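Could you put together the complete structure from these sequences and hints?
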Amino acid sequence: MIEDESDATGLDRRRALKQITFALGAAWALPLLKGLSPQALLAQGRAIHHHIASRSTDALRAASEAHPFFTPHQFETVDVICEMIIPQTKTPGARAAKAPQFIDLLLAERETQMQEEINAGLKWLDQRSRELFGKVFVGASSGQQIELLTRISSPGSSEAALGQVFFNRIKNLTVFAYYTSKEGLEQELGYAGPSGIGTYEGSAPVT
Amino acid sequence: MKIYDAMVIGSGMTGGWAVKELTEKGLEVLLLEAGRNIDPNVDYSEHLAPYDVKFRGLGDRKFMDENYPIQKQCYACREYNHYFFVNDKENPYTTPPDKPFLYFRGRQVGGRSIMWGRQVYRWSDLDFKANEREGISIPWPVSYQEIEPWYNYVEEFIGVSGAKEGLDQLTDGKFLPPMQMSAGERLMREKLLRHWRGERVLTIGRCAILTRDHKGRAACHYCGPCEHGCITRSYFSTLNSTLPAAQATSKLTLRPNSVVRHLFYDPKTDRITGASVIDAVTFKELEFRAKVVFLCASTLESTRILLNSANSRYPNGLANSSGVLGHYLMDHIPGSGAVGTYEGLEDVRDIGKRPNGIYIARFQNMRTSSSKYLRGYAFQGESTRTGLLGGFHLATLGGQYPPGFGVQFKEAMKQLGPWQMGLGGAGECLPHYENKVEINKNLVDKWGIPVPHITATWHENELAMYSEIRSVAAEMLEACGCKNIGTWGDARPSPPGKGIHEMGTARMGSDPKTSVLNKWNQSHDIKNLFVTDGSFMVSSACQNPSITYMAFTARAANYAVEQMKKGDL
Chain A
1 MIEDESDATG LDRRRALKQI TFALGAAWAL PLLKGLSPQA LLAQGRAIHH HIASRSTDAL
61 RAASEAHPFF TPHQFETVDV ICEMIIPQTK TPGARAAKAP QFIDLLLAER ETQMQEEINA
121 GLKWLDQRSR ELFGKVFVGA SSGQQIELLT RISSPGSSEA ALGQVFFNRI KNLTVFAYYT
181 SKEGLEQELG YAGPSGIGTY EGSAPVT
Chain B
1001 MKIYDAMVIG SGMTGGWAVK ELTEKGLEVL LLEAGRNIDP NVDYSEHLAP YDVKFRGLGD
1061 RKFMDENYPI QKQCYACREY NHYFFVNDKE NPYTTPPDKP FLYFRGRQVG GRSIMWGRQV
1121 YRWSDLDFKA NEREGISIPW PVSYQEIEPW YNYVEEFIGV SGAKEGLDQL TDGKFLPPMQ
1181 MSAGERLMRE KLLRHWRGER VLTIGRCAIL TRDHKGRAAC HYCGPCEHGC ITRSYFSTLN
1241 STLPAAQATS KLTLRPNSVV RHLFYDPKTD RITGASVIDA VTFKELEFRA KVVFLCASTL
1301 ESTRILLNSA NSRYPNGLAN SSGVLGHYLM DHIPGSGAVG TYEGLEDVRD IGKRPNGIYI
1361 ARFQNMRTSS SKYLRGYAFQ GESTRTGLLG GFHLATLGGQ YPPGFGVQFK EAMKQLGPWQ
1421 MGLGGAGECL PHYENKVEIN KNLVDKWGIP VPHITATWHE NELAMYSEIR SVAAEMLEAC
1481 GCKNIGTWGD ARPSPPGKGI HEMGTARMGS DPKTSVLNKW NQSHDIKNLF VTDGSFMVSS
1541 ACQNPSITYM AFTARAANYA VEQMKKGDL
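Those protein sequence lines, which keep their order, are chains A and B.
So for the first sequence, this note's numbering puts the first residue at 1; every next one is plus one.
So for the second sequence, this note's numbering puts the first residue at 1001; every next one is plus one.
Errors might be hidden in some of the hints.
Said to hold, decoys possible - Computed list of lysine-lysine pairs in DSSO-like fashion (alpha-carbon distance at most 30 Å, straight line):
#1 1062/B <-> 123/A
#2 1251/B <-> 1215/B
#3 182/A <-> 1353/B
#4 1519/B <-> 1566/B
#5 90/A <-> 1566/B
Bear in mind the hints are in silico, worked out from the structure with no lab data behind them.
Just so we're clear, the structure is a prediction, and the values are computed from it rather than from any experiment.
Quick look at the structure:
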């Protein structure tokens, strides 16, 4: 099971840092600050944060293999929908960014108030897919899947409100999950990471 | 038992300044901090990305609900840094059921200076003379002229970036180069100046963040979340600045995990002799002795210590012969404003995460008084281009996104949106006797110490300002050409405390009958006791207060050392 937050990002980090501080061979607690140039400080800070990040990311990735909320069938359905919303192009899609796994975690442990709505929405989706195509959503052809998602995502849709609400919810979850992932932030948006920024420009030309 | 020259209780914003000044003047100083030690190499987390934490920054709801139900309501208490805030279960406090108060606390070496907002605005005599002019409360015993050298002194050491504006109500300081304004902010500055003929001035936020290397600390590299720490020491905190300076003197003994239960008082000499301390980890009771005591534990904690130190000579709380200790609690009233979008400026965008915004100096009741309320408010805000901006902005769970799905949608998500401009106001709070902190004798914290009982409400004057702030913000956005203007903020303001500027419960004054401290932050009653955190404040103005606390602390420390040298202490 998933470790609690303090283990994933706190204690483990502390343990990791004891090691890296030791490995750097410099017990540079505060009083020794004056011996380091600002550039050296930043470089060391980056090294430490990268180290913390890699440790906690490994722990989080291992945890994300579990499916704490969705049934296997639900997960399969959500996995297809996420990838349809943000597909693989030259850059990774929602599936490669493990958006479905993160949504699963959010619903299980944080956005528990959404569980009922998501369950009802997924049930409705399969029902509607059966009515239209004689198959549950994941069993339909990709053309049929696109048709159904188009029906529930179009402005002025005549599909049931339940379906439209479900689509909006799962879309927002997918957007959050994808654009806060390493793949979404770095490969899709070109973000250099929080320690990769150096300046602020208030009026830069749009290129 | 060793007798230190001075004991400083609390290592936050003001405690850091007290130990720096006292040790640099040659005193042997003991610094008692209730919380744990902080190791920047371990505890700072500003370079962690969303994907480095379990809930991508949304926070662990169950964990926070259970352990941080109050602290989680603070904007700066996040998944990345919640451990800089106190565990509410260990640190309870009470209020009357119908008068909630939000008490946001940090207990660790560095205190709240680690997560503070870093905004730095001097007062002027518009503020220092207001009580006297209007016959409200008691007059300040200090004028701007007297505190100005100490503003200079503190600002030069901590490093404050900002732009000089020559405004009477917002005195210029010793500034490092200002941070850049964004295109949307520059546009608003120009339009405001023109529309209100120079009376409404929008300037870049004045902040304790370095824009060039300064005293061994590096210029800001715009990673964004200062509240998580700063490995390059670019913003001012005790840990990043004053504590290293004090430690460099070899005159400082820092003792974390030292919860002060009460102070020892000697009725024969009418002096404080030391402090009774509970070790936060072992729960062992310890004693420490010093010739002079500086209380810098934050407004409510310092007051709590004095109230818990009551004795037969001072039955209503130590140094409380006036009876005003604990009363006149103030905060700033925050939490309403407006937001709109610009048409135009499509060919430019902002790049980077500037941990600072803009400031619109107070413009109400400057020459004539409005009939609606006394004093005034100032706006903070920012303008940025909307959209994910290559990852500088994060998606939210409740965001509005382009329609549809698939490849086209993915492309649309990369597009820039319009420029947005947002403003939020914060107003001055008047001192009221009935806004107060007492001791709840029926409840103790994890260390067995009776907890604060806080009674505070907003009064008519603040509420009148609050109801005006959002429409004035909207009016300014409209005058600057913004569209899609919406206001925000609840009909009723958030409970007091939300401004995190609690102050005033051990106020200074010339008359010992109506004040706890004299103009040097020294107790009228007990000469070797100084209180220099926000509790000394006589009024609140509407500026962020930390720079004023720091200036008064440095001044008080220097006064104390002079008095000791003269043999008067």
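Here is what the structure says about each hint:
1. 1062/B <-> 123/A: holds (28 Å)
2. 1251/B <-> 1215/B: Judged against 30 Å, a Cα distance of about 20 Å means the pair holds.
3. 182/A <-> 1353/B: holds (18 Å)
4. 1519/B <-> 1566/B: Within the cut-off at roughly 19 Å; holds.
5. 90/A <-> 1566/B: violated (76 Å)
In the structure shown, a violation is registered for the earlier hint numbered 5 alone.
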